[in-house]
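**Q** Here is how the chains run, residue by residue.
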Amino acid sequence: MSAVANATIVEIKDLHARVAGGAEILKGISLTVKPGEVHAIMGPNGSGKSTLSNVLAGRTTYEVTQGTVRYLGEDLLELDPEERAVRGVFLAFQYPVEIPGVSNVQFLKSAYNAKRKHEGKPEADAVEFLTLVKRKVKELGMDDKFLSRAVNEGFSGGEKKRNEALQMSLLEPKLAILDETDSGLDIDALKAVAEGVNRLRAPDRAMIVVTHYQRLLDYIVPDFVHVLAKGKLVKSGDKSLAMELEKKGYAGIEASA
Amino acid sequence: MTAPTLPPNAELKNVTEQAYQYGFETAIESDTLPPGLDESTVRFISAKKKEPEWLLDWRLKAYRHWLTLKEPTWQNVTYAKIDYQAIVYYSAPKSKKDGPKSLADVDPELLKTYDKLGVPLHERAALAGVAVDAVFDSVSVATTFKDKLKSLGIIFCSFSEAVQEHPELVRKYLGSVVPISDNYFAALNSAVFSDGSFVYVPKGVKCPMELSTYFRINAKNSGQFERTLLIADDDSHVSYLEGCTAPMRDENQLHAAVVELVAHERAEIKYSTVQNWYPGDKEGKGGIYNFVTKRGACRGFRSKISWTQVETGSAVTWKYPSCILQGDESVGEFYSVAVANNRQQADTGTKMIHIGKNTKSTIISKGISAGKGQNTYRGLVRVLKGADNARNYTQCDSLLMGSDCGAHTFPYVDVKNQSAQIEHEATTSRISDDQLFYCRQRGLSQEDAINLIVNGFCKEVFKKLPMEFAVEAQKLLGVSLEGSVG
Ligand SMILES: Nc1ncnc2c1ncn2[C@@H]1O[C@H](COP(=O)(O)OP(=O)(O)O)[C@@H](O)[C@H]1O
Ligand SMILES: [Mg+2]
Chain A
1 MSAVANATIV EIKDLHARVA GGAEILKGIS LTVKPGEVHA IMGPNGSGKS TLSNVLAGRT
61 TYEVTQGTVR YLGEDLLELD PEERAVRGVF LAFQYPVEIP GVSNVQFLKS AYNAKRKHEG
121 KPEADAVEFL TLVKRKVKEL GMDDKFLSRA VNEGFSGGEK KRNEALQMSL LEPKLAILDE
181 TDSGLDIDAL KAVAEGVNRL RAPDRAMIVV THYQRLLDYI VPDFVHVLAK GKLVKSGDKS
241 LAMELEKKGY AGIEASA
Chain B
1 MTAPTLPPNA ELKNVTEQAY QYGFETAIES DTLPPGLDES TVRFISAKKK EPEWLLDWRL
61 KAYRHWLTLK EPTWQNVTYA KIDYQAIVYY SAPKSKKDGP KSLADVDPEL LKTYDKLGVP
121 LHERAALAGV AVDAVFDSVS VATTFKDKLK SLGIIFCSFS EAVQEHPELV RKYLGSVVPI
181 SDNYFAALNS AVFSDGSFVY VPKGVKCPME LSTYFRINAK NSGQFERTLL IADDDSHVSY
241 LEGCTAPMRD ENQLHAAVVE LVAHERAEIK YSTVQNWYPG DKEGKGGIYN FVTKRGACRG
301 FRSKISWTQV ETGSAVTWKY PSCILQGDES VGEFYSVAVA NNRQQADTGT KMIHIGKNTK
361 STIISKGISA GKGQNTYRGL VRVLKGADNA RNYTQCDSLL MGSDCGAHTF PYVDVKNQSA
421 QIEHEATTSR ISDDQLFYCR QRGLSQEDAI NLIVNGFCKE VFKKLPMEFA VEAQKLLGVS
481 LEGSVG
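Protein chains in written order, with the numbering used here: chain A, 1 to 257; chain B, 1 to 486.
Pulled out of the complex, with its shape left as it was, chain B reads as follows (with noise of 0.2 Å):
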């Protein structure tokens, strides 16, 4: 389904457009690697990490099966053409020993630019409730709570220092959901993934606190390859948050992630997503390149696995987070706000694989374009034959603001079991004039309007998050939509 043109709205024009107020630059001497890929390239970054031989091989493995993949071209987006041979592939902020103890020892620029991103780390801390895992230039250089949740046998680290000290588990689970051969972007990250995020929470055990990662890029031109793997044991649950704003830049910048989420026997694992990455300027320069794999296999019985995201940054945006549901009863959701402003282009949705008996899934998808940009929805709900009595239920809303956007929605759906019952419900709307006087002559003013309707528009996605981010997401969306009135 492809949204009607609209008849253009010039109050709402120059609301949506604004300029990124997130941009700037940390100089911070980087440890960098010259632009190119190659197998030396991987086994530099292998070896810089000084990571174990069956490591090394999976990523040449994974390399050698890169080479023989084509560039996907199925998405409704559009994009220069990538040079991978452009790409830094490692930079390493400059530390003096082998990374900071505390924050003292972390380099005074970096703590200026969370300040200046409104993530006072130091004061974080002292916040008692939230973890931070920071990612900078793709090594973790600042990590906090750590003795709380090692109490609880609940481990909370940088990806490098997981290969470190928990081989054993890292190896049994890297790759697990998220095999090399999975996609072009997947397969490109599994050979050259910097660093990123590992945790583990034991039986039973529920984590007492958000577990939280700010991720930014930094360095020039280099991609960035994050790589998370979530493994919520029998009985546990967890709430793992996900964000991050990034400095203005020039070139184009590729991000490929890549996270994995095993949940075991009535485990529950929330993993909570607001992106605000740089979309680049109104004519699209500049922006980053996100295509990223987010996957959770919920394993055992009764499992629980739920997906929230603000996406409200990038060029383009490349992005399914899905769940597979192999126990029987589990459950999968997908809650989503993505935002198109000016010449960006989302292309995201979910994939609901049910393989168990009674497997339920539920996805709410709320996608809001602006100015030139171009929202997709696309989504699978694949039920497998023996996966008795599973449902789904689809919503997909989209909101338009002028007539030059667009919305476009690509719900797939394969059944392979009659006893399924799946839902879908859409709707396309656009905010009225009716709605922005009928505000306005209440006192707000135009921006304020615009906010508290989209704000209404995204609330079912809003309420799935953990309170502080929420009001963080409904910030983000604020500066992506409002504008230069007044």
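Same shape as in the complex, but just chain A (with noise of 0.2 Å):
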């Protein structure tokens, strides 16, 4: 086997989490992800969905108890959320937040240059970076209006969702996680952001697309499948899983488990 499908983006091993002092919420999560791969994790609702998108991406709110997550070689649970962000683990969140006052263009500049920073590189130049982040904005059917506007401040969901997805675009992470990224889409929306998201697939970087209904992965097609219930990883399969749980829905497959 060659260096290449030997290592892997991110490796969990038997992780266990819960907001601090609270009840457990993951019980003992072990997933590897390799370049490439993108892994779909379906689950119904309070399964730890979030939980675990949120806990790998350093979310203080949570504790983690028990297990390992290196990534990229190192321990990722050492990292500080922004360091983890710089080295390329990007969360499209299920509820972008609002920050008043702040333009959108301004927002996306700051990240673009943590990102740049920590890889050495000088700050964007204005102009060229305008003419990047407004190719993005194209590609993802969007208004141009829509950089100069307070990020997400009044924002439709789709409209979040969208911008989530041209975050993710310019930044080009190694590790995205997704969570309910369909959520609150109209089907031109979910289209739109699946291509995006489509576009960013290459053989160096792995997804983690974390959905509820399995709509999502007829536009972004999954390598594996796993369902998540009650903070355990119950079942592991390839795409057809996903058609199985349509079918069956959470309880047959849990029941199955």
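All clues given are correct.
In silico SDA-like cross-links for lysine to any residue, where the CA-CA straight-line distance does not exceed 20 Å:
#1 B/351 <-> B/320
#2 A/109 <-> B/448
#3 B/475 <-> A/113
#4 A/121 <-> B/448
#5 B/463 <-> A/100
Computed footprint of chain A on chain B, listed as stretches where at least three residues anywhere in the stretch have a Cβ under 8 Å from a Cβ of chain A:
#6 429-437
#7 442-448
#8 451-459
None of these hints come from the bench; they were simulated from the model.
For each residue, glycine too, the CB sits at the ideal point set by N, CA and C.
Since each chain sits alone in its own frame, please combine them into the complex, following the hints.
**A** Structure, rendered in structure tokens:
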């Protein structure tokens, strides 16, 4: 086997997590994601999908009580959220946050330059950056006006999700975690966002696509599908598992697990 | 209204704890009066400045009136009692002749001070667009761009110089907006004011550059009593910038300035302040007391006065830049960002007094409280009987960082004319963990995230500042809120 095939993007082993002082939410998750792979994690509401996504991104609300996560050879859990981000971990939020008074373009530029700084590159030239970001805006079927609006303020659900996709395509992450990116999207927006995600698929990148419904997986076709129930991955398979879920529902899968 | 107590936010806490960066002191020999205040002090100051008889009489009248007044206690601030006899009322940097003729004559120590503060005067002279009248230890020591302004008939000089060169203008306008009897600190200032700036813009002249003064406090225990008088004659325009940072020190220092603005017919005055006096250490020790009276009179038809202030310093701030809208269709504006961190207390706001018909005022106040800071907005909108169709819009937003700070809003409205339209909006918010995490997930450090969010909160005010000042204001805001993270 070649070195590339051997490498892993992220290796999660027996991960347990809880809200500090609360009951355990993640109860022993193990998952290995290799370059080029797209993993779908499906599960009913409350099964721990967002918790897993947030723990990987470094949200301090959650406390890891057991297990390890290695990311590109490093101990991911030791890194601050911003350190994870500049190393290529990107979380597309289920509920993107509003930042009043801060223009989208200013926010994008700050994020873009933070990553460049980490890579030892100079800050992006203003004109160059604007050209780049406008191209990305167009690719996602968005309007330029989007850039001058305050971050997520007064955005519709669909606009917020497109905005997440815009940030992702600009930051070109190594590991993209999409938390219910399909929720609140109409079919056009869903297609535009999925296209944006698919454009990012590359042999050296990986994605974890978290979703409740298999609809998104018609557009972002996963290599693997895992079912999360009550904080555990109870079943794994290929994309046919998503179809099975669609037919049987989660109750059936949980029962047969 | 008082903001509810909010849950603690440990992440924010250490970020908002940071020592004052610009703490240093310049060793310049001072020509200093011993501490204490009586009539002879007033006479000494007046004599030292070779003032005319009428001005000495004016000072003495103010002093005698001050003796009858009591220090105000209505503000929402507490501070150690001020011993007015322990204050030094006059101190001037020693000069070889009668003052420097050019930058080459300026004390090199002083120039170094400005360098440390990032105000390289010699560069500024070259950077066309900004004229600097630097006030240091109560006496102006450097002035630039005078000739250019002179050719337009604009007078921009130290107050003392104006007393000598343009006594008729000073006599006509001094105390005409803030009378000596106005309040305790204004009376004190009128008695002992040391120096300040004077601006006169003649009819029809649009001042082609921002007029800028950097205030500094330096000599030990010297109360600073600035006096600024700015007159914009008919159809003139002027933009004035005032800013400061100050050396680290131990004793509390009183600063009681008076600023008077007069706008005649269709004249426009824009007065911007970025204020960063030493706020005291974490316990509030050693900070500046800033009790300032700032007022503008819109005397003429369609005149306009706009105050923009960014207040990040001082241990205690007491400041209400106000507009008296006398002329019909005159306009008053107040845009403010006030920060109270650690033990800082800020009680600021504005008064808009509508007298003329169709007068309009706008108030945008952004208060940021962090640490144990207490931020109070106090505003008065008064519409007199004859002020038909007066309009006011007030917006007061408070941002809280952590659980030990407070935001308070006291909007007073007094309307004597039924045609008035008064609108008031108020919000209280705090930087949420969600916002911080969202920014950090995009690669921003905690400090950068806070900076970004706070600057977004202040945007409506910052965009009113002249460009170069807006950049400085953002930096100052960063300095006063960012911390020892990383
Ligand atoms: N911050 C939190 N505080 C308290 N409980 C939480 C928090 N986050 C998640 N939980 C609980 O953990 C469980 C999993 O939540 P979540 O990860 O959001 O599920 P999903 O994204 O799959 O719907 C739920 O029972 C939820 O109530
Ligand atoms: Mg979720």
